Each structure stands twice: as C-alpha cells, then as structure tokens.
Amino acid sequence: MLAALAAVPILIAIAVRVTRAGSGGGAGPAFLDRIENNGLFVVFVALGVCVPLFLPLTVGVVAGDTIAGEASHGTLRYLLIAPAGRIRLLAVKYVGAAVFSLAATLVVCIAGAAIGFILFPSGSVALLSGDSVSIVDALGRSLLIALYVTVSLLGLSAIGLFLSTLTDVPVGAMAATIIFSVASEVLDQLPQLDWLHPWLFSNYWLGFGDFLRDPISWNAFGQNAALQAGYIIVFAALAYGRFAAKDILS
Amino acid sequence: MSQAELAIETRGLTKQFGSYAAVKSIDLSVPHGSVFGFLGPNGSGKTTTIRMLLGLASPTSGEARVLGASMPRENATVLPRVGALVEGPGFYPYLSGADNLRRLDSADRYAPSRTRSARVADALERVGLSATAAKKVKAYSLGMKQRLGIANALLTPRELLILDEPTNGLDPQGTREVRTLVRSLALQGTTIFVSSHLLAEIEQICTHAAVMSAGNLVAQGTLDELRQVGRPRVRVSTADVPLATAVLEKFGMTVVPPTGDGDDLVAVLGDASVEPDAIVVALVRARVRVRGFAVETPSLEDRFVSLTGEGFNVDH
Numbered sequence: 001m002l003a004a005l006a007a008v009p010i011l012i013a014i015a016v017r018v019t020r021a022g023s024g025g026g027a028g029p030a031f032l033d034r035i036e037n038n039g040l041f042v043v044f045v046a047l048g049v050c051v052p053l054f055l056p057l058t059v060g061v062v063a064g065d066t067i068a069g070e071a072s073h074g075t076l077r078y079l080l081i082a083p084a085g086r087i088r089l090l091a092v093k094y095v096g097a098a099v100f101s102l103a104a105t106l107v108v109c110i111a112g113a114a115i116g117f118i119l120f121p122s123g124s125v126a127l128l129s130g131d132s133v134s135i136v137d138a139l140g141r142s143l144l145i146a147l148y149v150t151v152s153l154l155g156l157s158a159i160g161l162f163l164s165t166l167t168d169v170p171v172g173a174m175a176a177t178i179i180f181s182v183a184s185e186v187l188d189q190l191p192q193l194d195w196l197h198p199w200l201f202s203n204y205w206l207g208f209g210d211f212l213r214d215p216i217s218w219n220a221f222g223q224n225a226a227l228q229a230g231y232i233i234v235f236a237a238l239a240y241g242r243f244a245a246k247d248i249l250s
Numbered sequence: 001m002s003q004a005e006l007a008i009e010t011r012g013l014t015k016q017f018g019s020y021a022a023v024k025s026i027d028l029s030v031p032h033g034s035v036f037g038f039l040g041p042n043g044s045g046k047t048t049t050i051r052m053l054l055g056l057a058s059p060t061s062g063e064a065r066v067l068g069a070s071m072p073r074e075n076a077t078v079l080p081r082v083g084a085l086v087e088g089p090g091f092y093p094y095l096s097g098a099d100n101l102r103r104l105d106s107a108d109r110y111a112p113s114r115t116r117s118a119r120v121a122d123a124l125e126r127v128g129l130s131a132t133a134a135k136k137v138k139a140y141s142l143g144m145k146q147r148l149g150i151a152n153a154l155l156t157p158r159e160l161l162i163l164d165e166p167t168n169g170l171d172p173q174g175t176r177e178v179r180t181l182v183r184s185l186a187l188q189g190t191t192i193f194v195s196s197h198l199l200a201e202i203e204q205i206c207t208h209a210a211v212m213s214a215g216n217l218v219a220q221g222t223l224d225e226l227r228q229v230g231r232p233r234v235r236v237s238t239a240d241v242p243l244a245t246a247v248l249e250k251f252g253m254t255v256v257p258p259t260g261d262g263d264d265l266v267a268v269l270g271d272a273s274v275e276p277d278a279i280v281v282a283l284v285r286a287r288v289r290v291r292g293f294a295v296e297t298p299s300l301e302d303r304f305v306s307l308t309g310e311g312f313n314v315d316h
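These protein sequences, in sequence, are chains A and B.
Per our numbering, numbering of the first sequence is gapless, rising by one per residue and ending at 250.
Per our numbering, numbering of the second sequence is gapless, rising by one per residue and ending at 316.
So that you can see chain A by itself, here it is in the shape it has in the complex (with noise of 0.2 Å):
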C-alpha cells in the first residue's frame, strides 16, 4: 500500500513533465499549475489527490484489520490469553493505526519531493499569499502539512478501530470504515447540509493550504485538531464499550 501510495506523487510528475507544453492553466488538481515553477508542489498537488480517497482507503484497511483481522487468523484470543490486557492492546492497535497514517503521509511527501526535485527546478518557493520563501522554510512547511493530514486522518483510525471490534471479518471493518469516509465526504458537498460540516471528520481535510500562505495561519489546524480529538474520544468510548465485555469466540 505505501508502494503504491508512493506511486501517486510520481505519476503526476511525469504526467506534468510530459505534457508540459498543454498544460492549461487552472484547470485539474489544485496547485498543479505551480509544479513547472517548483518541484516542491508535486507533494502539495498528490496530498491534495491522495487525501479525499487513497489515503482514508489506505487507514481504513488497516484500522478495519486492527482487531477484526487478529480474530480471523485465530490470534486474537491467544494475544488476550498472553495475558495483553484488552484496554493495553486497543491501544497498540490504534497507536499502530496511528503510526501508519503518518508513514502513508510521509511516503507521498518523500516521494514527491523527491521526484518533483529531478523533474522540475527547486529553489525560493512562491507562496499561495505571494511571498518567496526559501526551500528550507517550504520543507518545514511540508512537514506541517504531513501533520496536518496525519492529524485529519486520526478520527478515521478511530472510527476504524470501533468497526473492527465489531466482526471477525476483516474486510467487512475495512469496507465500513472506507464508506464512513465517503459517506462524510458527501456529505460535506451538500450546501443544504451547511450547519452539518463542522462536525464531519473530512470537513478540515483540504484545509492544509493555510500553511502555503504567510503568516501561517492555525485556525483550520487547531479546529481539525479538536474535532479529531473528539472522534477519537467517541469512537475509542464505543471501541473500549464494545470491547471490554465481548465475549471472544473466534
């Protein structure tokens, strides 16, 4: 999954520097016009793509086999017996779900830098708000935004870990968990549903332009910060309430 993931940031690259002579402007991608000026914009331009479907597909598979998937292989009641403690391995389980969700994001902003840096010039990078910064100033910014969507991804896992606690079937986790994610997603188009969007997981998930502009401004992180913490608190309450008790008969 994180080879393919890599994937992403590579193809859209070589698309660019291939087609570069039609590139029309605005059109496609956000950001995806500035990749011929800098190559730093491959990794905004494949966050951009990757974060509304292949990295909440990525999470939710593995957040779906947390629990569901330590059941079908028959480990579930050996790593319980050990003795791992059920609390103890919920919360391995979401740590590695976790883990996962920054090592996805860090594989696409690795590989897009590092491709966008053969194919296309570096140096000052123009910011959204029109400053120049230096290349390094960029980078630490595109590790702002690794974390950002790391951050944005946390309820998800979250949501995922309760799903898998629910089946021995691991797939059935992984699906419900990926429908969960679009399913918010749509929601967050419809403008009738307008009072509803603060409150979808998937509502800040784009919102990770904010650190292209200078100053930087917080705002959309600290609000995806605590709207990822409460969907962590919700579905870790229902993952534990479901848990706990469970009779293991797998």
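The hints are simulated quantities; they were obtained by calculation from the structure and are not laboratory data.
Since the model is a prediction, treat every value here as computed from it, not as a measurement.
Just so it is clear, CB atoms sit at the ideal spot from N, CA and C, and this is done for glycine as well.
Hints may contain errors.
Claimed, not checked - Here are a few chain A residues that face chain B, going by a calculated C-beta distance under 7 Å:
1. S72
2. Y78
3. A82
4. P83
5. A84
6. H197
7. D247
To be verified - EDC-like, lysine to aspartate or glutamate: derived pairs with alpha carbons at most 20 Å apart:
8. K24/B <-> D247/A
9. K246/A <-> E275/B
10. K138/B <-> E87/B
11. K135/B <-> E125/B
12. K250/B <-> E275/B
13. K136/B <-> E125/B
14. K246/A <-> E63/B
15. K246/A <-> E87/B
16. K136/B <-> D122/B
17. K135/B <-> D99/B
With chain A fixed as given, assemble chain B onto it according to the hints.
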C-alpha cells in the same frame, strides 16, 4: 476438598447463547497437581467452558475460579500463570514460527524480554520444532501448527496448562510425544487440564477426568472412581440361552439376552456377594452347556459411551 487445593473450581457455571445453553450449570473441581481429562463428544460444551476459564467469554451465570482467583475479573493476575491451547492453534501465516512466539510473548506484560529468545528456542525444542523455527507458519502442516500452539503454552513456567484437544492433527509419533511431554510437566508439579473427545488418548495420562454431554457435566472424579461406577458383569457363552437365563435370574441378576445369533449372554453381577465361581457351578449343575464364562469390568470407554451416548449425532 478445600479451595486451596483446587486449581480450577466452577460453581453453577452456565453459558447461554441466545436460547441455546452451551454449558449448563457445571461444578468442576480440578485438584492441584492433577492431570485432568475433560471428556465429551464434539459440541458438548468443552471449548465454551475453557473459554470461560480463560476469561475469553463471561459466564451467563455461576462462577469460575482459576488458581484461586475469580475469572474473568482477575484475568491480569491469573493468566500469566496459565498456558493454554484453545480450539486449535492461531498464528500469523506470514511470520516464522519463532517470530510468532516472540510476538505472543511480548504481548505478555509479565514475560521478561531479556530472556525471550532463549525461552522461545527452549519451547520450540520441547515440541521438536527447532529445525523449522525459521520457516513461515503458512508452510507448516496442521500437526506442526499444533506443536507450535503447545510451544506457545510453554513459553514461561506455568502453574496450570489448559490444553484443548492437544493431539488434534498429530501423527501417532506426535501424539506419543505430547503424552510424554504432559507426563514430564505433571512430574514437575504443573496442573494439566486436557480436553479431548478421544478417551483412549486421555486414559493413559490422566489421574482425574470429567465427562461432558450436551452441556452437562455427567461424571467427574479420579479415573478409578469413574471405573468403579460401572458394575462388573458376567458374560456367558452358551447355546442354552433360556436355561442359562433362568439360572442367572435365580441369583437375582438382570440378564441382557443375546442380540444376535451366536452372541453371548450378558448379566450384571449385582451385589458383590455373588461369587462368580458359584455361578459357574450352578450353570453346570443345571446342565447348561457353557462354552465360555467371563467376569468383565466395564472399561472407561464403555462408561464414556454410556454417559455420552453413541453415534454421530451432535446433541443439543
């Protein structure tokens, strides 16, 4: 027997799945230091009972005490002292045997990580898997996985081993090795609770046994106690069935007539006051042509079958 001497004790332990009672109010008493055979046909509630003993499932009612502590409330203090194989082995197919054991051992907070490699190697050695320790588990045969499961139960010194059908899928050689292993562990003072649907396997190694049938505990005690419950019988081989029946009935014995042609006559030797020798004398005096005469004590096998019923039907 006082509580301190019991490694496992249940009182009215019951597990209900919806309207179906898998385990119906059983009172198990497993003494410390015993090798306890937990017998019963498939679907009689053995594994469900074991899951409750290990805190994997909570009883619907009743209580289970393991090593003096109540389960599942005291899981964390009891389970490190218990090694178990439950309903077959469960391992990651893409990890090697040794890596699987290391992973499960690291899940145990109380197992020292310093000695992990040595303990894993030792456990693999005891079940004869040293040579294949580095192979991925997906390449293991069923019997090898079963051995790995037993190795997992032996990772740290245990006071109690709960082995659910440990010889499943093992070849005769492997079955013998498991028996030897169980004996040697029992000699070191480990209490061993071993379930099986094969009586023959258990009879050779157990000191105690209990029999489950359709969720009920139908018998429990030392092997000798269980054998004694079956009363000795005499078997008479003769052509003069009616005559012999009359003689035996005079002794107050219940006679089971032969079921087929050339079959023997079987009678329960009621009170021990009847001397088998006297029966033979009486038969001969009555001019019964006796072809054969034998006194039989029912084997544990007969007792097992009479308790659990014969045939392939899974009773519910």
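The hints, checked one at a time:
no.	hint	verdict
1	S72	violated (9 Å)
2	Y78	holds (5 Å)
3	A82	holds (4 Å)
4	P83	holds (4 Å)
5	A84	holds (4 Å)
6	H197	violated (41 Å)
7	D247	holds (4 Å)
8	K24/B <-> D247/A	holds (17 Å)
9	K246/A <-> E275/B	violated (60 Å)
10	K138/B <-> E87/B	holds (18 Å)
11	K135/B <-> E125/B	holds (15 Å)
12	K250/B <-> E275/B	holds (13 Å)
13	K136/B <-> E125/B	holds (17 Å)
14	K246/A <-> E63/B	holds (17 Å)
15	K246/A <-> E87/B	holds (18 Å)
16	K136/B <-> D122/B	holds (19 Å)
17	K135/B <-> D99/B	holds (10 Å)
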